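With the hints in hand, could you dock these two chains into one complex?
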Amino acid sequence: MSTTQDHETNLLVTQIAGIALDNPVMVASGTFGYGREYATLMDIDRLGAIMVKGVSVTPWTGNPMPRIVETPAGMLNAIGLQNPGVAYFCREALPWLRQRKPAVIVNVIGKTVEEYAEVATRLDQEQGIAALEVNISCPNVKEGGIAFGTDPVAAAEVVAAVKASTSLPVIPKLSPNVTDITAMARAVVDAGASAVSLVNTFLGMAIDVRKKRPALANVMGGLSGPAIRPLAVRMVWQVYEAVQVPIIGMGGITCVEDALEFIMAGAGAVAVGTATFRHPTTALQVCAGLAAYCKAEGVTINELVGVAH
Amino acid sequence: MTAAEFTTPILKQTRIAEDIYNLTLGPHPAMLTATPGQFVQLAVGPTWDPLLRRPFSICYVKDDGAFNILYRAQGKGTALLAHLCAGASVNVLGPLGHGFTLPQAPTSDPIVLVGGGIGTPPLVFLAQSLSNMGIRPHVTLGFTNADQVICEEYFRACGAHLSIATDDGSYGYHGLVTELLEQINKPALIYACGPRGMLAAVAHFANTRRISCQVSMEEHMACGMGVCLGCVCKTKVTAPAAPQPNAVGGPGWQWQRVCMEGPVFDAAEVIF
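If you read the sequences in order, they're chains A and B. Reading the first sequence from the start, the letters are residues 1 to 309 in the numbering used here. Reading the second sequence from the start, the letters are residues 1 to 272 in the numbering used here.
Simulated from the structure, these hints should not be mistaken for lab results. Since the model is a prediction, treat every value here as computed from it, not as a measurement.
30 angstroms max Cα-Cα, derived DSSO-like pairs, lysine-lysine: (1) Lys211(A) x Lys234(B); (2) Lys76(B) x Lys212(A); (3) Lys236(B) x Lys211(A); (4) Lys234(B) x Lys111(A); (5) Lys234(B) x Lys212(A); (6) Lys236(B) x Lys111(A); (7) Lys186(B) x Lys236(B); (8) Lys295(A) x Lys101(A); (9) Lys234(B) x Lys76(B); (10) Lys12(B) x Lys62(B); (11) Lys76(B) x Lys62(B); (12) Lys234(B) x Lys186(B); (13) Lys76(B) x Lys12(B); (14) Lys211(A) x Lys76(B).
Okay, chain B solo, but in the shape it has when bound (with noise of 0.2 angstroms):
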C-alpha cells in the first residue's frame, strides 16, 4: 500500500455523459497494490497553474496496473484534464489514503453498495473485489437523470443486483436512492459513496438499524499526504475507539485527515 509518484500516459479518455469521463492511465507496479476506496491524486499539466493536484478515486485496477478514473469536469483542472487526449502524460500520486475494508469471510447476508452521482466510481472497484469473494452486492445508485448514468455495465458485469433511482423518474425508480435501500431486506453491512447530503441519511438509516456502514467522504486536498490538515473532517470519539494518537479536537471529538485515516469512515463515526 505505498504510494508512489509516477508519470504515466493517458491510455484513452472517452466522454461518457454529459461533462463525465472516463480516463484510463497507464500502468504502474504501485496501483496493484491498490484497494477499493482508495485515490489518487492528479497534477494535470506541467505548470504550477493550477498549483494544486486533484484527487480521484479508482474506478479500477487492471491487472497490468493500468487504471481508470471516472470524474466530472466541473472545475479549473478537471476541464484541463477532460482536454488531455491518448498519449499525453499526467503525473501521479498514488495509490493514497485509506480504503473500504472488506468481509473477512464471504457472507450470504445482503451487502449494500449505494452510490449517489460521481460518488458512484470507487464503488465498482468495490463490487468486482467482492465479487472475487464470491458475494453478490446490491448495488444501489442514484442520479439526477437518465443522462447521467454511469457504470451501469461493470456492476452487471460482475454479478450485482441493480437498482438505480433517477430524481426526475427518466431512468429506473423515480425517487431518491435512499429510498431503493429502505427497500432492501435486511442488510447487514452499507458501503456508500456519494454527495454529503446523501451520505449523511445513509449514515442516518445505517446507525438507527445498527447496521455496519462506511462511508467514503470527499475533500479538496492539497497535499494528499497527510501533512497539510487541509482535509479534516469532524468524527466521533466513542469508547471503546481510541483516539487517533496525533488527533486532536474538542470534547467527544476528534479530528481525522480524509486523505490519511480516510477518505472511507465508519458511518457511525463521521459528524456530519
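The following block holds chain A by itself, in its conformation from the complex (with noise of 0.2 angstroms):
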C-alpha cells in the first residue's frame, strides 16, 4: 500500500534520454561540485540528478583571478573550467557519488574532439554514471568549449566523437550564444545525442569603473541567474518544436514557478544553477515545490511537459 508521500512522489517520477528519474530535478553543472560539498547542508538523495563539475582529460587550472562579479540579478564568471582531470574523478568523486541516489550526469570537456572522445573513453569504464554531458559551450575558455558550440558542423563531430567512445546516453549541453538555437539541436541530435541541455552561460562583461578595467581577468564571462531566465525558457520553447529528443531546461530557476515555466515550454527535466549559491536547498524546494502542483492539478509531471505550446 502506497503513502500519500509516495504518491505524491511518483507524479514526478520521468525519463530522460532513457534514465530512470524519480523526479525531474537537476543540479546544473558548476554550480554543485561533486556532490559531497553540499551534502552536509541537504539531503542530496533527494534531487532528481547531479551533474558535475566539467572533467577533463588532464587538469586544468583554469583562469587568473577575479573570476566573478556580480550584475543585476545574475553574475558574470569566467572560472575556465578549472577542475583536476578524469583521473582525479574516477578515484576520488565517483566512488561516494555513485553510493548517492541521484543520477550522475559527467559533464565533458575537452579542447579539441580527440579529448573529448578520450575523457568519454575513461570514463565507459565506470560504474555508476548515468549519462555524458559534453559541454560545447563554455564561453570562458580560448580552445573547446564555446568555439564546438557555435558552430553547427564542429558541435556534431565533437558528439558524434563522443557517441562512438561511449555506450552512456550522450547529452549535449547547448550554447545561447548563437543566432539560430534550433540550428544547433538539429544539429547534435542528427549526430546521436540523446538530450540536450539548454542553456549554458550568456557571453556578457562588466568594467570596473573604479579601475578603469574590465571587471574579469578573462575580459568576458558567461552570465548566469535570474537575469537570463526569459531567454532561456524562449530558447527551450523553439527547440522543443525543432527536435523531438528530450530537453534538460536551465538557465536562472529559482522556485517552482520558474521551474513550470521550462517545463512548459517543453523541458522534460530542469536544472538549479546559480540559485544554489544562494540557497542551496532551491533545488529540492523546487522539487517539493513541483509535487504540490502535480497534485493539486492532478496530473503528473510527463502531462505538463509542453503544454504552453
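Structure follows, in C-alpha cells:
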C-alpha cells in the first residue's frame, strides 16, 4: 500500500534519454561541485540528478583572478573550467557519488575532439554514471568549449566522437550565444544526441569603473542567474518545436514557478544552477513545489511538458 | 564545524564609525562551533537582487550562539544590510572556512595580532580565544584616521597589549601598522587580517625572519562552499607540504579556495 507521500513523489517520476529519474530536478554543472560539498547541508538523495563539474583529460588550471562579478539579478563568471582531471574524478569523487541516489551525469570538456572522446572512453569504464553531458558551450576557455558550441558542424563532430566512445546517453549542453539555437539542436540530434541541455551561460562583460578595467581577468564571462531566465525559456520553447529528443531546461531557475515555465515550454527536466549559491536547498524546494503543484492540479509531471505550446 | 543555513533576527545594529556597523545576529547552535577566522555568508533581503551572499568574518560569538559581525557599508549588499533594523531577519550560511590555528599550549613568547581597518574584527574572536588560553597577545592595529578606529574596547577587555597606528597620526602612532610590528621584541607567532598590501608586508616581515605567520585572505565569493572556484588564491607548493588532492596549478604553485582551505593561510604559502 502506498502512502500519500509516495503517491505525490510518483507524480514526478520521469525518464530522460532512457535515464530513470525519481524526479525531474537536477543541479547544474559547475554549481554543485562533485556533490559532496553540499551533502552536509541537505539531503542530496532527494535530487533527481547531479550534473557534476566539467571533467577534462588532464587537470585544467582555469583562468586568473578575478573570476566572478555580480550583475543585476545575476553574475558573470570566468572560472575557465578549473578541474583536477578525469583520473582524480574517477578515483576520488565517483566512488562517493555512485553510492548516492541521484543519477550522476558527468559534464565532459575538452580542447579538441580527441580530448572529449578520451574523457568519454575513460568514463565508459566506470559504473554508476547515468549519462554524459557534453559541454560545447563554455564561453570562458579559448579552445574547445564554445568554439564547438557555435558551429553546427563542429558541434556535430564532437557529439559523434563522444557517442562513438561511450555506451552512455550523450547530452550536449548547448550555448545560447548563437543566432539560431534550433540549428545547433538539430545538428547535435542528427549526430546522435539522446537529449539536449539548454542553456549554458550568455557571454557578457562588466567594467570596473574605479579601475577603468574589465571586472574579470578574462575580460568576458558567462552570465547566469535570474537575469537570463526569459532568454533561456524562449530557447527551450524554440528547441522543443525543432527536435524530438528530451530537453533539460536551465537558466536562472529559483523557484517552482520558474521550473514550471521551463517544463511548460518543453523541458522534460530542469536544472537549478546559480540559485544554489544563494540558497543551497533551492533544488529541493523546487522539487517539493513541483510535487505539490502536480497533486493540486491532478497531473503527472510528464503531462505538463510542453503544455504551453 | 558543520555549517548550517538558518534565518535569524537582527538583535541589534549600531553605526560605530563612518560607514561602519556592528551587527548582532540571533543565536544558532551551529555558531557555537565557530572558530576564530571563520566567516558567515549573509543573504541580504528576500529577493534575488543582489544575487549573491556576502561573506563576513565573525567578530565574536556569545555563549548562547548569538554573534556579531562588523562591516563597512561600501557596496550594494552592505548598503542594504546597513538599512536593516532590529527585528528584521537575515539568512545565514555558516560558520564557513578554515580559521586561525591556535597555539597548542599556552606560551610566554610574544604572539602578535596585526589588523588593518575593517580586517580587524576577526582578530577580536582570536584575541578572546587566546585570552581564554591564558595568553595576552600583542595587538597592533592600523587605521586611516581616529574616526575609523574600531574594536579597541574588545581588545582591552581581553587584556591584550594594544597599540594603534593611524595614517594621519590623528590617533596613536603616526605611521603604518607594520612599523608597530617591527617594534615588538622577537614575535614568536603572528596573525594578520587586513588589506592585501598590509598582508603582503606582514608576510614578508615574518618570512624573512622565519617567524610563523597566518594571514586571513579576502575575496569576492559566490557559493562560499567550495564549489564555484570563484575565490581561489595562488599558493606555493613547497616540499614537504603535499599539494591539496583536488588542487590544480602550475610548476611550484597551486590554487586554493579562500572559502574552504582559507580564508586563513600560512603566510609562507601565499603568493601575493
